[in-house]
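Peer 1: The primary structure of each chain is shown beneath.
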Amino acid sequence: MAMTIHVDIVSAEGAIHSGLATMVFATAEMGEVGIAPRHTAFISRLRPGDVRVQKENGEQEHFYVSGGMIEVQPMAVTVLADTAIRAQNLDEAAALEAKRKAEDALAGHAAEFEYAKAQAELADAIAQLRAIERMRKMKSS
Amino acid sequence: MAGAKEVRTKIASIKSTQKITKAMQMVAASKMRRAQERMSASKPYAEKMLGVISHLARATPEYRHSFMAVERARKRVGYIIVSSDRGLCGGLNSNLFRRLIVEIKEQKAAGVEPVFCTIGTKALAFFRRFGGKVLGQATHLGDKPHIESLIGTVKVMLDAFEAKEIDAIYVASNEFVNTMTQRPVIRQLVPLVPGEQATMPLHWDYIYEPDAKTVLDSLLTRYIEALVYQGVVENGACEQAARMVAMKSASDNAGELISELQLIYNKARQAAITQEISEIVSGAAAV
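Residue numbers (this note's numbering), protein chains in the order written: chain E, 1 to 141; chain P, 1 to 287.
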């Protein structure tokens, strides 16, 4: 039997792949790497690209990752895949967006008014039901 | 009998409310299952990451990332508050906010100023009333929250931490105990709370590409995001469970009320018929 290495590909939103492989290829920060069983411990960031897992029967499985990290131990490879496209300036923009939205919202732009109103009415009806129920219980006891 | 018609309209209106609450209960039940699946699906990522991080922390003691640094004196602390976007989920959000108010009072008594980041519209609405400095927010994550929509909010906090504007970051969210119970919890995110790791003697180190610092930096940011994301999906499951329970009790209450009103209505109707008959009989007798 060929030597194998355990491969786990996980993202924050769920596990993507788990199984044995004879070889794993990934696009690391400094270029493509091929990882065979008993590879020395290695860690790197991944560039957006393919992660190829070559299984025992010679089949290859492809997974696209938009970045992330790869951690290699002699008997295990862990790919921590990003689900979002990451870049310094994109993150920066997201942070600014979050700030701006907070300021906007606190300044009091009432969005989704219709929905809020309908929901308030329903909440009111439910509260009424509950109040009646409580009153009745008090009366009967 | 004048009452009969009014009782009938009342029954109709309660029935339509009951229809809504019942539908919401069933929707929440099916969404809850999926939310729970998402909750368990997000766990391996953070676990794997923690393994790598704790190893890296041992392997490169010369480089201490600021997130892992020892506690510094606290003047301001940041809270990331995870709430639901929608209401009608029992006391889920208000329990969390109540817990938070206690915490804020304690911090203020100790001379620490809290700042906030909110996730979900309910938390935002709360701080609009309650007051407090909100640095960033994310809302409308939907039933399938994506980590993408949290990056900004988390980064606002982490940046503030690195700029030494705040000295610790907490995340406040609901913990899913079971369908009936959700518990509000406040966990410390940064500085990272060192887990109880077995002190394993270290004879090896990674090959880093490009170097330990870069790798650790991006790992830590992702780890913290993953923790916040976990809080969000867990809170999502809590929301659905709480809504299911709240809507079930609302439907039950409505059902009881309807049966009672139905009784009143039947009595009123019977009284009206009896009255009519007696009128006819007495009329006939008079002729």
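These aren't lab readings, by the way, just hints derived from the structure by calculation.
There could be a bad hint or two in this list.
As the list claims (entries may be wrong) - Below, in silico cross-link-like pairs of lysine-lysine (DSSO-like), each with a Cα-Cα straight-line distance of 30 Å or less:
#, chain 1, residue 1, chain 2, residue 2
1, E, 137, P, 15
2, P, 267, P, 248
3, P, 15, E, 101
4, E, 137, P, 248
5, P, 5, E, 137
6, E, 99, P, 105
7, P, 22, P, 248
8, P, 43, E, 55
9, E, 137, P, 10
10, E, 101, P, 108
11, P, 31, E, 101
12, P, 164, E, 99
13, P, 10, P, 75
14, E, 137, P, 267
15, P, 133, E, 99
16, P, 105, E, 101
17, P, 108, E, 139
18, P, 15, E, 139
19, P, 5, E, 101
20, P, 75, E, 99
21, P, 213, P, 15
22, E, 137, P, 43
23, P, 144, E, 99
24, P, 164, E, 101
25, E, 139, P, 43
26, P, 22, E, 139
27, P, 213, E, 99
28, E, 137, P, 22
29, E, 99, P, 43
30, P, 144, P, 164
31, P, 213, P, 164
32, P, 267, P, 43
33, P, 213, E, 139
In this text, all values refer to a predicted model and were calculated from it rather than measured experimentally.
Peer 1: Evaluate each hint against the coordinates.
Peer 2: Against the structure, the hints:
1. E:137 x P:15: Answer holds: residue 137 (chain E) to residue 15 (chain P) is near 21 Å, not above 30 Å.
2. P:267 x P:248: holds, 29 Å
3. P:15 x E:101: violated, 40 Å
4. E:137 x P:248: Given that 30 Å is the threshold and the Cα spacing comes to 19 Å, the pair holds.
5. P:5 x E:137: holds, 26 Å
6. E:99 x P:105: Distance of about 25 Å is within 30 Å: holds.
7. P:22 x P:248: With Cα atoms ~7 Å apart, residue 22 (chain P) and residue 248 (chain P) stay inside 30 Å; holds.
8. P:43 x E:55: holds, 26 Å
9. E:137 x P:10: Cα-Cα ~20 Å, so holds.
10. E:101 x P:108: holds, 26 Å
11. P:31 x E:101: With Cα atoms ~28 Å apart, residue 31 (chain P) and residue 101 (chain E) stay inside 30 Å; holds.
12. P:164 x E:99: holds, 18 Å
13. P:10 x P:75: Between residue 10 (chain P) and residue 75 (chain P) the Cα gap is close to 57 Å, so the pair fails against 30 Å, i.e. violated.
14. E:137 x P:267: Given that 30 Å is the threshold and the Cα spacing comes to 22 Å, the pair holds.
15. P:133 x E:99: holds, 11 Å
16. P:105 x E:101: Roughly 27 Å separates the two Cα atoms, so the pair holds.
17. P:108 x E:139: Judged against 30 Å, a Cα distance of about 45 Å means the pair is violated.
18. P:15 x E:139: The given pair, whose Cα atoms are some 24 Å apart, holds under the 30 Å limit.
19. P:5 x E:101: violated, 51 Å
20. P:75 x E:99: Holds - the C-alpha atoms of residue 99 (chain E) and residue 75 (chain P) are around 22 Å apart, at most 30 Å.
21. P:213 x P:15: Violated: residue 213 (chain P) and residue 15 (chain P) sit about 63 Å apart, past 30 Å.
22. E:137 x P:43: violated, 45 Å
23. P:144 x E:99: holds, 23 Å
24. P:164 x E:101: holds, 23 Å
25. E:139 x P:43: violated, 50 Å
26. P:22 x E:139: holds, 27 Å
27. P:213 x E:99: Status holds; Cα separation ~28 Å.
28. E:137 x P:22: It holds: about 23 Å lies between the C-alpha atoms, which stays within 30 Å.
29. E:99 x P:43: Holds, at roughly 28 Å.
30. P:144 x P:164: violated, 33 Å
31. P:213 x P:164: Roughly 20 Å between the alpha carbons, so the hint for residue 213 (chain P) and residue 164 (chain P) holds.
32. P:267 x P:43: Between residue 267 (chain P) and residue 43 (chain P) the Cα gap is close to 59 Å, so the pair fails against 30 Å, i.e. violated.
33. P:213 x E:139: violated, 70 Å
Of the numbered hints listed earlier, those contradicted by the structure are 3, 13, 17, 19, 21, 22, 25, 30, 32, 33.
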